[in-house]
Each structure stands twice: as C-alpha cells, then as structure tokens.
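Engineer: Residue numbers (my numbering), protein chains in the order written: chain A, 1 to 491; chain B, 492 to 982.
Keep in mind that the hints are not guaranteed to be accurate.
To be verified - Listed next, the in silico EDC-like pairs over lysine to aspartate or glutamate satisfying Cα-Cα at most 20 Å (straight line):
hint	chain 1	residue 1	chain 2	residue 2
1	B	K820	A	E115
2	B	K944	B	E923
3	A	K57	B	E537
4	A	K47	B	D544
5	A	K260	B	D832
6	A	K77	A	E116
7	B	K683	B	E959
8	A	K331	A	E389
9	A	K47	A	E330
10	B	K822	B	E880
11	A	K113	B	E959
12	A	K344	B	D632
13	B	K817	A	E58
14	A	K259	B	D832
15	A	K469	A	E188
16	A	K326	B	E549
17	B	K811	B	E865
18	A	K87	B	D829
19	A	K57	B	E606
20	B	K568	A	E101
21	A	K87	B	E606
22	B	K604	A	E115
23	B	K751	B	D632
24	A	K309	A	E389
25	A	K453	A	D412
26	A	K355	B	E911
27	A	K77	B	E592
28	A	K22	B	D632
29	B	K568	A	D102
30	B	K960	B	E713
31	B	K589	A	E116
Said to hold, decoys possible - Estimated spans, in silico, between C-beta atoms of each pair:
hint	chain 1	residue 1	chain 2	residue 2	range
32	A	R340	B	D753	51 to 59 Å
33	B	K948	A	I107	29 to 37 Å
34	A	Q263	B	K822	43 to 51 Å
35	A	R164	B	R649	37 to 45 Å
36	B	S937	A	I107	28 to 36 Å
37	A	G346	B	K548	44 to 52 Å
38	A	E116	B	S937	55 to 63 Å
39	A	K192	B	E821	26 to 34 Å
40	B	K948	A	G105	32 to 40 Å
If you are wondering where the hints come from, they were derived from the structure by calculation, not from laboratory data. Quick caveat, the model's predicted, so the values are computed rather than measured. Don't be surprised by glycine CBs; every beta carbon is placed ideally from N, CA and C.
2 protein chains.
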Amino acid sequence: MGKNLTKRADDYSKWYNDLVIKADLAENSGVRGCMVIKPYGFAIWEKMQAGLDNMFKETGHQNAYFPLFIPKSYLSKEASHVEGFAKECAVVTHYRLKNAEDGSGIIVDEDAKLEEELIVRPTSETIIWDTYRRWIQSYRDLPLLINQWANVVRWEMRTRLFLRTTEFLWQEGHTAHATREEAIDEAELILKIYADFAEEFMAVPVIKGTKTESERFAGAVETYCIEALMQDGKALQAGTSHFLGQNFAKAFDVKFATKKGDQQYVWATSWGVSTRLMGALIMTHSDDNGLVLPPKLAPIHVVIIPIYKGLEQLEAISEKVAPLVKSLKEKGISVKYDNRDTHKPGFKFNEYELKGVPIRIAIGQRDLENGTVELARRDTLEKRTIPAESAENEVIQLLDEIQTRLYEKAKDYRTTHTTEVDTYDEFKKVIEEKGGFISAHWDGTSATEDKIKNETKATIRCIPIEEEKTEGKCMVTGQPSAQRVLFARAY
Amino acid sequence: MGKNLTKRADDYSKWYNDLVIKADLAENSGVRGCMVIKPYGFAIWEKMQAGLDNMFKETGHQNAYFPLFIPKSYLSKEASHVEGFAKECAVVTHYRLKNAEDGSGIIVDEDAKLEEELIVRPTSETIIWDTYRRWIQSYRDLPLLINQWANVVRWEMRTRLFLRTTEFLWQEGHTAHATREEAIDEAELILKIYADFAEEFMAVPVIKGTKTESERFAGAVETYCIEALMQDGKALQAGTSHFLGQNFAKAFDVKFATKKGDQQYVWATSWGVSTRLMGALIMTHSDDNGLVLPPKLAPIHVVIIPIYKGLEQLEAISEKVAPLVKSLKEKGISVKYDNRDTHKPGFKFNEYELKGVPIRIAIGQRDLENGTVELARRDTLEKRTIPAESAENEVIQLLDEIQTRLYEKAKDYRTTHTTEVDTYDEFKKVIEEKGGFISAHWDGTSATEDKIKNETKATIRCIPIEEEKTEGKCMVTGQPSAQRVLFARAY
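The following block holds chain A by itself, in its conformation from the complex (with noise of 0.2 Å):
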C-alpha cells in the first residue's frame, strides 16, 4: 500500500513506533525521553479529554491548578510516597542563568541558587494536600472533589512515544471525604468511570480489579485498577484509582470539626489516567495498514474524496457533495471534503487509511452518472457502492455500528487470550508460547508474586473485583487462595 509499515507479525514493538510516527500523532523531541503530541495526535487526546471531563462534572467533580513545583520538602512527608517518587525526577536547583564571562555563552548564575531545590511534580498528592489543609476546616468543606488536568514529570530511563515518556499529560483526581466509606465508594467511583470511558469511548475493553500490595501506588492503602490486553499480547494498565486512607491528611495535618466537633483527619482518594490512554488505543485496534480510530474518538469521522479529470468534473462533484457535508456536519458528524489538487486520491485514500478516519467516501464521474457513492469503512477496509441519496443514513448507522464492532472484536480477542491454568508448569507454557491473561491461584505472598515475576517476567495485573470468587491452591506453592488472579506480562 505504500505506507512502508512494519507488519506486526514482524516486529509489534517497531509497527507501534512506525504507525505513531507515520499516523502523525507524536514524535520525540529534542528533549530526552520528552515527545512532541503533533496536531493529529492532540486532536485524539482532547476528544478523550472532554469525554472524561464531562463525566467527572457530571459527577460532581471540579476542575482547579495546582503548581508545578514540589518543595523537596514536601516529598518526604509522606514516608511511603517519598520512596516511590522522590527519587527518578527532575530538580530545579538555580533560577537564573547568565553570559559567561569568556563569552561562550550562558552558563547557571551559582549566586541564583535555590535555598530548597524544587521538584518538577511526578505527581501532586504533597503540594495539593499541603493547600488542602488551609481548604478544610468542618464537615462543611467536604466533600472536596477536586481534578486537575496538567502535565507531570517523572524521569525515564527507557522511554517509548505514548507509553511512557519522561513529560506527559494526564489529569489527577484529589478528593477529600469524612468517612472511609465515602472515600472508598469515591475510588470505586471512579474506577467505574474509567472504565465506562474505556469501554464506551475508546471501544477498550478493560478488567477492573485491585492490586497488590507490592504494584500498589506509593502512599496508598488500595490502588483499583482497570487491565487491558493489547494485540500482542501484553497488558496495559490504562486507568488507576487510590483509595488513601488518611496517609496524607496525617502526613499534612489536615483535620475537620465533624458535626459533634470533634477533630479528625480526613479522608482521601487520588486518581489518574494519562496519555498512555493513546498508547492503549493505538493498539487494540490498529492494523497493518495504520491506525483504527472508534469514531468516538475520531477526530474526523468521515472523509470525502472526489475523483476527478479536469475542474468540470470536480466541480460538478463538489456541488453535488456540498449537501451531503452540511447534513453530516448539522448532526456533529465530523466531515473532510478533501479536494486538494495537489495529491492523487490514490494517495489520499492511502493517508485517511493511515489515520484511521472511519469512514472514507469516493465519488467519481461515473457515481455522478448513476446517483452513487462509494462507502468504505476502515475497520474492515469493506467497500459498497450506494444510492448517494441513502449515504447520510448509511454513514449514521455504520458509525454506531463500527464503534460496537471494534469493542466487540478486541473483547473477543481478550476471550480467547485469557486462559485458566492450574499448574506452574502450564503457566510457564501459556506465558511463553501464547501470551495473553492468565487467571490462576496465588497464595497471597510477595514472595511468590516475585518469584513468578523473575521467572516468568509476568505480574498480577490485578485481583479482578467482578469476577466470581472461586477458592483454591497457589499454583507455586500449593497454599490456599481465595480466588484466582491475573496475570501477564505487561507494558
């Protein structure tokens, strides 16, 4: 097709790279491990963003800014989160740079020298917890439901466009509550609405679940989680939700006068998801020829394309295309009517193909002739020619149809690539030659989970919450366990 991507029977790990490249959705930078989100990409990413938005303020959750900067300080308060954050990260030590004095250039002025280093934030629970306080006095303050959508920085050694990146953009979740149940059904809240977005927008399906104490989130006494399963093989985790017990409000002394006056500290959640959403949206359901967008998210959803010799031909096109485009565009259908005489549309069906647009239509003078249009739809690269008359309804119902099909066919591939095993051995078997989830018994120890994870390179994805709880043996060790677990090995 002339589009130079890698197979991803060939090489999964360089088709990715390829498509995120050649689908112009991001790039790296001239910063390590930084990318540049280019407009495509971007455009993806603000769909997500106001599909997720909006389900946090319908749920009563308000948007706010924090800053960028963590005092060092404030990252060891919290004993269990300075362990898991203060360390890989970038640190502001100067505020000033000045001409050095061999004219070489400039150089960092070391009288402007900050008496605290400043921490680039890899996450905001420290400085949003250090504000909450001054926020919460009494029972009247809570809840506090809090979002804020930002950029954050933890410094990456490997890095991989989407997946992980030593900048990227995520939204967090702050929330303060009086009770521990309120707090939990917060996380749970959340979870569900995470996963809602993945299945619903996305068109990912996803496993909630919880995770072990040794995945689980620096600080927290829960971490929910929802799992997906990429093409390859490989989990992504794509969502987390914290449940954090009053870890923070103690490390922050943040107290409230409940209705009896009494002092107690508060309640917390913390949540996020990233755009590493892109990276798990990219591969569920691309293909060989590029990328495959469910038109929730796809920033345009049908695209139409003349063919043509000579401008009277293009111009009896446009005209009988140009009611078509204003319907589609009344009912917030997306249109592109590429008429650009700069490309062939040979070239043009092979770039939408590329960017995953839903649906492409081609009119030609011989459609013209017979009132018809030709439909194609990416998912299934299918092609029918229709009564032009019909392709309003036609192109309504095939998005709705299209975004149910990429869910339905990525869910089946899950289906087929979760496997139950009850031995090690069959295991090591399935993890190796098969991929995929793996649900199996585990005794509850670090120590096993770290074993498997040695051996096997896998890890419990999580302990799934909607599954039904069958008891059994640890698979390793033989010790009872309460319900099976997955695993895989992920990115």
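Starting from the known structure of chain A, fit chain B onto it as the hints suggest.
Structural biologist: Relative to chain A, chain B alone:
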C-alpha cells in the same frame, strides 16, 4: 455587608488581593510566586479557554503539545531572544534524589547531574522551531498554524495573583508562512481575535496597537498588542501577537522549497494570552461588593435562593422553582438552586454577590402567594419584583443587557480617562493627578521614551493602529511626530 473587603478608594491594590482570595479565585501556594487557581477561578479560566480555542479553530489553527523543558543551548540560538528570556528562569540541573547517608532526609544525587541543563519553558519559540525544522520541507507544508495550551515559568521577584506569577497558564500560537505578507496578516488576524474576545466575552474594551522597539518581544520584528485600562487608571497589556520575520527560521535553519523549487527561510509569528486576563477581567468590572462577571464568562449565570421557614415552605418553593431551573438549563443557562440548609439567605446573598453571579432570584412565602419572584442584578445591584411566569424571559434578556452594559460602562470609563496632552508639563500633571491613558506626540526615539519612563513611571503602551494619524511635535523634544501614541502607568 460583612465581606470585609477593602474599598477600592482606600487601597486599590489591597482591594484586588482581598477580592481574588475572598471570591475563591486563587491563592498563593507554598511555592514562592506560584499560585493555586481555585475551582471557581478555574471555571472562569475554562470559559476563557473555550471561547478562545473556538476562535482559533474556526480560523484554521490546530492544537499540539511541545516539551516543558528546553535545552539551554536552544535558548542561545536566537541572539535577541536569549537576552530577553534566558535570565530569570527555572533551571533543572539534576534528575535524581537520594536518601542522605546520615538519615537526615532526601538530597540531590550529585551523580545524576545533567550534561546540559534544561530550562523550564518561559516561552516555546526555540523548542518549537527546532521541531518545525523537521516538519517543514515544502510550500505544501505551509502555512503551519499551531497553538498550545501550556504552563510556563518566568522567575519573578515580585508576584501578584494572576497579574504576575512565576508559573502561569497560557496559550502560545506559533505559525510558519511562505511569505512575509502572510505572516503579518496572521499576526494581525490574531490581534483581531484577541481584541474581539476581550470585548465580546470579557466586556473589556481594548486599544489595538504596536509596541515601541524597547517594549517589543525578544526576537520579534513587530509586536502587536491590545491594551486595556483598569479602574485605578493603570493600563494592562492583555495580549500580544508577534511578527517574528525570519529570525527563528534562520536561528533554527528552517527552509522550505518554493513552488519554483528554490529554498527560502520561513516567516513566523507567535502570540499569547495568559491567566493575566483574569486580572484584567477582575479589575475592569468588579466593585466594593466583590466580583462582577460578564455573563459570557460567568460559571453560574443565575442563582436561585429560597427564603423559607420550615421544610414545608422549602418544598413548596422547590416545586415552584423546578420548571424554571429546567427550562433555563435547556437554553444553555447555568443555574444554581441553592437550597443548602446550613446557611441563611443573607449569607448566600453575600456569597454570590462576592462571587459576581450576574443574576440572583429570591423566592419566599409571600412570592409564592403572589406568584412573583425577586430579581436582582449584580452589576447595578438593582432589585425588582416580577411575575414568576416572566422570570425566564427576563433572565434571558437581562443576561444580554448586563453583558452590553458592562462593556459600555468600561468604555465610558476609558473615554473619560483618556487625555490628549501637548506639553510635557501637562503630561506630568495628568499622569500624577488623573492617571489613565494619555495621548501625546513622541519623537520616536528610545532616549525620549526612557526619559519619560524614568521621570514619570509612564510607558508607551502602544502606537495605536486604528486611530486617525495626525502629525505633531514631540511633547518633550519638539521633534516631529507622525502620530500620537498612548502612554500610561501600567501593570
């Protein structure tokens, strides 16, 4: 009124700070010079973003995202740019912290020193033009019309909430064009968008002009700006749009193949508005009772407050109010029915006055009996009792009326506070006693401009581009002048 707000006449500066805090717009954080934007303030900023973003997209611009960090060497590439921006900035020198060996806490790991320091972006021309070199090869790639919503950091010694903070939020547009004329047209188009947004959404009248050489953006050939006048007679620069010539294209070697096939440097613009607009909005309309918001940027358009004794009365009022709330919401009007039983009506009246909600509707037992409601507008503080059934239409009309009146009132203020002077003595008298804009002749030299600034603290805000140009003589030197320019003391 129990708000404890400083009066404008007593201390304008303190009034502003009080207002920003008490209306829940923003507050200082534990990080020097960095603010926390609170949910109510952020909701206003989101409305600004939505309005501007829509205007940018309608004129063909796309959003993207570029790295937070800029390698130090990039800043040096454009000579005048580095002079303007490389000085007061946050410098990242290390990428890791570690536990101190003496157990005293966490310290910077000296082994993790960056080979080249990274600057937290004060503006993104350099990193973006480094990227554009890869994106632009041919005239087919032009124009490139890109905007980014981002946080930026400029190390400020004296900060004020929204007006001057070390970190602030903004949008920065960066465009590339094949010709000088196209780039100038773009810079002027954006100036028009900024002015339209200020006047139509913010209800803030602005003067369009160009900056003098000494006030120009570092790296620009021409800086266009919009200037607004605050209620204390000081000017505020509300947005700038820069024609950058080929300066950045040359610094980053960005050339394109023309239709004829030769290689030429690209022409550029950049432009931005920031959370500073919040300061302009607050200072233009608000009064001694608190914030006054134009309806187009108000997070809540109408608040409805029940005045009742006992649950029965409240229920009767709630029932009466429900259809009004519903039908206003259907018309896209943001309504809050505040039936909290934790606060008295008087407290609520104060709170929404302080927060600048444009319209307040109160309804009590007597209103129920008479079929009336009390309608109060925030801008004039007028109250009227009207038939309940006409409330919906009154609200719709009144929102328009308030939007228009705020603009007219601000424009009247500007008109009465713009003074034409012809002598320097008169200039000094007006700037000291009356303030506001002063329209005067200037000889076009930086020397005269500096003299005036040093002696009066007034700067040339802009060289207006829409005023009639009449020749005259510089008020200081008597040298010829092509047109009057606008002076003021400024934020």
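Engineer: Does the structure break any of the earlier hints, and which numbers would those be?
Structural biologist: 1, 11, 18, 19, 24, 25, 26, 32, 37, 38
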